[in-house]
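2 protein chains.
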Amino acid sequence: MTEQNGTRSGRRPGRSGTREAILDAARVRFAQVGFDKASIRSIATAASVDPALVHHYFGTKQELFAAALELPLDPAVVTRQIAAAPVEKLGETIVRTVLTVWDSPLGVQAVAAFRTLLGSGDPALARAFLLEVVLKDVRPRVDSPPGSGARRTTLAASQLAGLLVMRKIVQLEPLASMSVDELTAIVGPTLQRYLTGEL
Amino acid sequence: MTEQNGTRSGRRPGRSGTREAILDAARVRFAQVGFDKASIRSIATAASVDPALVHHYFGTKQELFAAALELPLDPAVVTRQIAAAPVEKLGETIVRTVLTVWDSPLGVQAVAAFRTLLGSGDPALARAFLLEVVLKDVRPRVDSPPGSGARRTTLAASQLAGLLVMRKIVQLEPLASMSVDELTAIVGPTLQRYLTGEL
Chain A
1 MTEQNGTRSG
11 RRPGRSGTRE
21 AILDAARVRF
31 AQVGFDKASI
41 RSIATAASVD
51 PALVHHYFGT
61 KQELFAAALE
71 LPLDPAVVTR
81 QIAAAPVEKL
91 GETIVRTVLT
101 VWDSPLGVQA
111 VAAFRTLLGS
121 GDPALARAFL
131 LEVVLKDVRP
141 RVDSPPGSGA
151 RRTTLAASQL
161 AGLLVMRKIV
171 QLEPLASMSV
181 DELTAIVGPT
191 LQRYLTGEL
Chain B
1 MTEQNGTRSG
11 RRPGRSGTRE
21 AILDAARVRF
31 AQVGFDKASI
41 RSIATAASVD
51 PALVHHYFGT
61 KQELFAAALE
71 LPLDPAVVTR
81 QIAAAPVEKL
91 GETIVRTVLT
101 VWDSPLGVQA
111 VAAFRTLLGS
121 GDPALARAFL
131 LEVVLKDVRP
141 RVDSPPGSGA
151 RRTTLAASQL
161 AGLLVMRKIV
171 QLEPLASMSV
181 DELTAIVGPT
191 LQRYLTGEL
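Protein sequence lines, in the order shown, are assigned to chains A and B.
The first sequence begins at 1 in full-length UniProt numbering and counts up one residue at a time.
The second sequence begins at 1 in full-length UniProt numbering and counts up one residue at a time.
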């Protein structure tokens with residue numbers, strides 16, 4: 001963490017450099033206006049850098065969001081697998097896909113990011129990430145009757161979040177040691193009911 | 001928080017006084033050996049105070065644990081209501097009782113304590129609290145087939161924890177604004193299935 005030299009005129013000086021300035025601006029912007037409305041351009045302006053530099057450092061806007069949340073992987077890796085599942089298999093697919101990532105070596109950093117977000121993070125950032133990235137594609141697929149999709153997906157998110165809290169943060173046994181197969185068989189139907197069942 | 005005068009010989013000096021010394025010792029002890037094995041006497045010894053003083057300040061061991069976790073109420077208030085419910089009503093009773101407390105004025109401090117525990121707290125403390133205080137009385141009541149009680153109660157805890165995370169910390173809508181009645185009707189059956197259904 002060194003003081004910048006200020007060779008790029010107009011760029012905000014900061015002890016953590018350009019990359020951190022972009023991430024700081026992204027966190028503020030995503031929390032303030034949400035993922036959809038936060039443009040790369042507006043984040044670049046807030047960080048006093050060229051938009052091309054944001055793309056150069058972070059890739060897509062979704063990858064920038066993942067970096068701002070200190071997630072170890074592009075959420076598209078997970079959301080693509082969920083998008084490929086038929087509606088009647090969403091429950092088990094979501095449980096299996098998410099638990100598999102969290103149990104992988106990448107999961108350690110995901111747990112750390114999740115702890116930070118729950119403990120001291122800005123709830124608006126978590127909300128924007130869940131509503132506009134994680135749940136966005138599933139919501140219209142389970143919107144039956146019309147208007148129920150938001151309720152259905154946030155209920156599913158509650159079971160999944162609790163599973164991650166108890167398995168990876170609190171490490172409550174025997175839950176923490178149950179296999180992905182076993183948890184998929186037991187918790188998959190809960191998510192499926194929230195997503196497509198009678199509520 | 002003033003420096004103690006040291007009139008009680010042998011008591012550990014500390015900037016936060018006797019009460020904080022007892023709470024610190026309690027947190028260490030509960031995390032190390034669990035709730036059941038942590039005696040008031042051993043906590044008093046670690047804090048270099050008389051056991052009677054621990055009772056004087058905090059009441060029962062369960063109340064001391066609640067204070068160590070910075071919970072705003074004695075968990076017995078909740079566990080007694082759950083104990084009074086018949087097994088086939090446990091799901092809805094647990095959801096309704098816990099949500100009602102968390103939505104009450106006391107809930108603000110409970111949310112803060114929960115955030116601290118998830119963010120930077122000792123997972124062993126959370127485990128001891130859940131296994132030996134919160135889930136203890138329910139476990140033998142749902143232990144059918146024998147040996148399944150621990151799995152059943154930790155699964156139920158996962159749904160409940162996720163509901164609290166999404167409703168009270170992340171404040172995800174529409175989940176955060178749904179009424180206790182509505183959530184009891186939807187999420188109660190999930191807990192009931194985990195506690196008494198086929199898994």
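Hints should not be assumed to be uniformly reliable.
The list treats identical chains as one, so a pair stands whether inside a single copy or across any two.
[Stated by the list, open to error] Here are the simulated EDC-like pairs of lysine to aspartate or glutamate, each with C-alpha atoms no more than 16 Å apart in a straight line:
#1 K136 to D50
#2 K136 to D36
#3 K136 to E173
#4 K89 to E20
Please keep in mind that the hints were generated in silico from the structure rather than gathered at the bench.
To see whether the hints hold, each was checked on the structure:
In this homomeric assembly, K136 and D50 never come within 16 Å of each other (Cα to Cα): the closest approach is 29 Å inside a single copy and 58 Å across copies. Taking the shortest alpha-carbon separations for K136 and D36, only the intra-copy value of 11 Å comes in at or below 16 Å, while the best inter-copy value is 45 Å. When the C-alpha separation of K136 and E173 is checked against a cutoff of 16 Å, the pair qualifies only between copies, where the shortest distance is 13 Å, while the shortest distance within a copy is 32 Å. Within a single copy, K89 and E20 get their C-alpha atoms no closer than 40 Å, and across copies no closer than 52 Å, so neither meets the 16 Å cut-off.
When the structure is compared with the earlier hints, violations turn up for hints 1, 4 and for no others.
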